[in-house]
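Let the hints inform the model, and build the full structure from the sequences given.
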Amino acid sequence: MSEHVEPAVPVDPKNDFLVLDDVHTHFDMGKTLLTRESKGVVKAVDGVTLTVKEGEILGLVGESGCGKSTLSRTVMQLIRPTSGRIFLEGKELSALSDTEIRKERINFQMIFQDPYASLNPRMTVLDTLSEAIRTRHPNVKGDALRSRVAELLRTVGLNPNQMKRYPHEFSGGQRQRVAIARALAPEPKLIIADEPVSALDVSIQSQILNLLKRLTREMGLTMIFISHDLSVVRYIADRIAVMYLGRILELGEASDVVDHPLHIYTRALMSAIPRPDPTSEKTRSRIVLQGDPPSPMNPPEGCNFWPRSPIEHDERMKHEEPVLTEIRPNHFATNCPFCVQAAAETVPA
Amino acid sequence: MTDHSETAVLGNEAAPLPKHSASEIAEEELVEGSSLWKDAWSRLKKNKLAVASLVIFLLICVFCVVGPFLVPYNSQEQDLFLGATGPSAEHWFGTDTLGRDLLVRTMEGGRISLMVGLVATVVSLLIGVIYGATAGYLGGKVDATMMRFVDLLYALPFTIFVILLMVAFGRSMWLMFVAIGCVEWLSMARIVRSGVLGLKKQEFVEAAVSLGYSHKRIILRHLIPNVLGPVIVIATLTVPAVMLLEAFLSFLGLGVQPPNASWGVLINEGQQNMEIFPWLLMFPAFFFALTLFCLNFLGDGLRDALDPKSAKD
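Chains E and L, in that order, give the protein sequences.
Counting with numbering that gives the first Met the number 0, you get residues 0 to 348 for the letters of the first sequence.
Counting with numbering that gives the first Met the number 0, you get residues 0 to 312 for the letters of the second sequence.
Hints listed in this document are in silico derivations from the structure and should not be mistaken for laboratory results.
Note that the coordinates shown come from a computational prediction; the quantities given were computed from them, not determined experimentally.
Possibly wrong hints are sitting among the right ones.
[What the hints assert, rightly or not] Straight-line alpha carbon distances no greater than 27 Å define the calculated DSS-like cross-link-like pairs of lysine-lysine that follow:
#, chain 1, residue 1, chain 2, residue 2
1, E, K102, L, K215
2, E, K52, E, K188
3, L, K45, E, K163
As structure tokens, then:
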């Protein structure tokens, strides 16, 4: 593990809604059979410090393999963090035992990526939702339970007379609605949506995005919305965090991150979004990154972005560990002089 | 079935949440879903060989269970003066060397063979599914320990195991059921475990965990119903395997004891006098083979019906 750096993002576990304080999630790859040498450790999440305000949608972007999904499962406590603390409404989730955490789970729910895999194929929608509702209301039975299921289905825009159907009888978009209804059933405060639209048709994507946006507002939910697609995140999120190799590179209000990105990586991501207007698309200048993301088993020292940096840099970049710093008001980026300076020099897209 | 267009079912996104205070839905309005079991059944019905096998198997069951009440002979009633006679109007299947009616003996032998097959399969099913699902779900050291125990039992020679049981508890038919069940559950446990290991990574199991369901609920409601497909197929193929084992044990004198008979016992008696009284072998062997055929064809049909991906079209 790299040397601990004091996080520059202020966290207040007592008052903030959701706090991630220097969270690391590492996977030990075990030992070789004969020599018992360590096969190495994958640092999927490597020191993430974040706060999420009540009622906001935080968008988390990053390319595949950057640790977004591991981070979401760590917050969900499906994977326990290797170190660091996670607080929800002042309660330290990462310190609870497995039995204690089970009782807490109704407060935070997850919407999964693949609606074809996230519903039990042997259960009707009615069974799936009833079971989820009874996690918070164990005594609701019969007609009362059924009318709650109907209510939930209406909320997510499905016809309640479909409740006795099985998942395979629905389309992908409809299944994702059922999955959303299931996540809402225990009346959670926090919802983590892990790429909820990337498995769907583009025409259905916007419906689901609108639904999520509306539900968050009307039910006063807080959401972490994970995606590899900045254009999707830009549409739904209030704030955006950009993740790279298990760390946050940039964090700020959605409009700031999108319109005035600080980090060269964010700029590269932004420049990769195709524009719907052909004339503007022709003039779109792209920042092309070099190579592939390095293996999280052996992340580069210093600013972990240097092997892919398209800009001039010297040895300092490889040795000085940058820290997420408030560069503009409420707009954080790693204080690597090369990544951020380069961004400031070029005119924002 | 999924071609209800999205818009037909979905409300307008821009509209606020519908405020339905009374949300009673009349039962008749509900669209009845078609479960995967129902779909599998309709696929099975199209497989002529499997349906014919099922019908013949059921007929054999009826023949064995109801038959003895309709025949005017007792399976243990001897007529030593008659001795072994070939098929005739009085004794349709002939008589054996002790002058017992072979028809009724075949029926009663079938009862025992089928019962051994079914009971031992159910025993192996119950133990194997629960054991395998628990090991697969809990994983890690628990899984390793539980599966090493299975390996240990696998390594034990079956006959020695049965002989030990017989020595310890005395000979009884029920003990044989237990002994066979105890051996057959091992492969069941392995199949269920590997199925659960695959399922465990699926998002609906993660969803069940994140909803805070208990281990028991996740295993019983979310994992086992989803591995039941292959389990049913294996169970159908276990029944004939168990019947063969029973025949083998009876042949060794460890199974069903005279004057009771099973198909295995009858075939054993028949083959001793095969050259002189061939019908003694023919009739029980015919029914035994027919049952095995039916169950194997049914198992194949079930596999294709439950897992359409593996079926050849």
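Hint check:
Simply put, K102 of chain E and K215 of chain L have alpha-carbon atoms about 16 Å apart, close enough for the 27 Å limit, and the pair holds. Distance check on the hinted pair: K52 of chain E and K188 of chain E sit about 12 Å apart at the alpha-carbon level, within 27 Å; holds. For the hint pairing K45 of chain L with K163 of chain E, the CA-to-CA distance comes to about 26 Å; that is within 27 Å, so the pair holds.
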